[in-house]
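Using the sequences plus the hints, can you model the full thing?
What the sequence shown shows, in the working numbering, is residues 1 to 267, in sequence order.
Quick caveat, the hints were computed from the structure, so don't treat them as lab data.
From a predicted model like this one, the values you see are computed outputs, not experimental measurements.
Careful: at least some of the hints might be erroneous.
What follows is a set of in silico ranges between Cβ atoms, one per label pair, in the way DEER data are often shown [as the list claims (entries may be wrong)]: (1) ALA194 to VAL36: 26 to 36 Å; (2) THR22 to THR90: 27 to 37 Å; (3) GLY40 to ASN190: 37 to 47 Å; (4) ASP79 to SER117: 12 to 22 Å; (5) ASP39 to PRO197: 37 to 47 Å.
The beta carbon of each residue, even a glycine, is placed where N, CA and C say it ideally should be.
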Amino acid sequence: MKTPLLTVGVLVVFGFGFQTDTLLPSAVYSGTAQAVKRDGGRESQQLAKGSTLDLAELAIHTSTLGPGQTNHPLQAYNDAEELVVVKEGTLTATVKDSTKTLGPGGLALIVAGDKQSFKNTTKAPVTYYVLKFKAKDPVDIQRGQAGGGSFVKDWSKFKMTKTDKGETRPVFDQPSSMFKRFDVHATVLNPGKASHPPHTHRTEEIILMTKGSGEMLIDKTSHKATVGDVILLRSNVPHAFTNTGTTPCGYFAIQWHSNAENNAAQH
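Rendered as structure tokens:
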């Protein structure tokens, strides 16, 4: 069971409230003890909400739809974009004028200005993650469309490459309405394998755990992470992930690149 821990500027977040002006620390964010909000057969659970070095707002929650339920009619954000990942069940996702069915690991990117609506057309509940990004850089809707725009893609469509550690799947790497570059890939690590030695980078990163368990080294402290946890890694914080379990573990690695990062690299 995770407990609150604050050490070397690192927090394992468990059962805390969130405010929009909160500066989010590097941490493992667990929804295990977060309050569940219920509205009819719909459920939602906030994992994190606050700001980072490059994000005016980062909001992460899970949503659960009962059979036949819809999250809302088609609607768009003009000042944010969303990354949606199916956790359990089957989700029918409509983005702009395209509708597709997503199973676990299926993903949708919705850039600013594009409408979305999600529906459960099955007889079992469906749960999915929603990561909402508002960059500190100006919104650029034209760049988002020119860079590839919104899309919906099922897990089976991601090309898998075997590695000496497990598997890797490129998901997307493109400009978006929030970022000059938005980069996501999926990794599967075999038992006992580490993603890489401890390292740092200017780019902020999120690790979204999809199966198995392991330990994330953040600065000089190791923290347990398991399915459903979200790990935020702030800029230039040393980190490394190791599969400490007896079965493969999987996660999405999500990075966004800001104008400030590009400017820093040029000096």
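Evaluated hints:
no., hint, in the structure
1, ALA194 to VAL36: 26 to 36 Å, "holds, 34 Å"
2, THR22 to THR90: 27 to 37 Å, "holds, 34 Å"
3, GLY40 to ASN190: 37 to 47 Å, "holds, 42 Å"
4, ASP79 to SER117: 12 to 22 Å, "holds, 19 Å"
5, ASP39 to PRO197: 37 to 47 Å, "holds, 45 Å"
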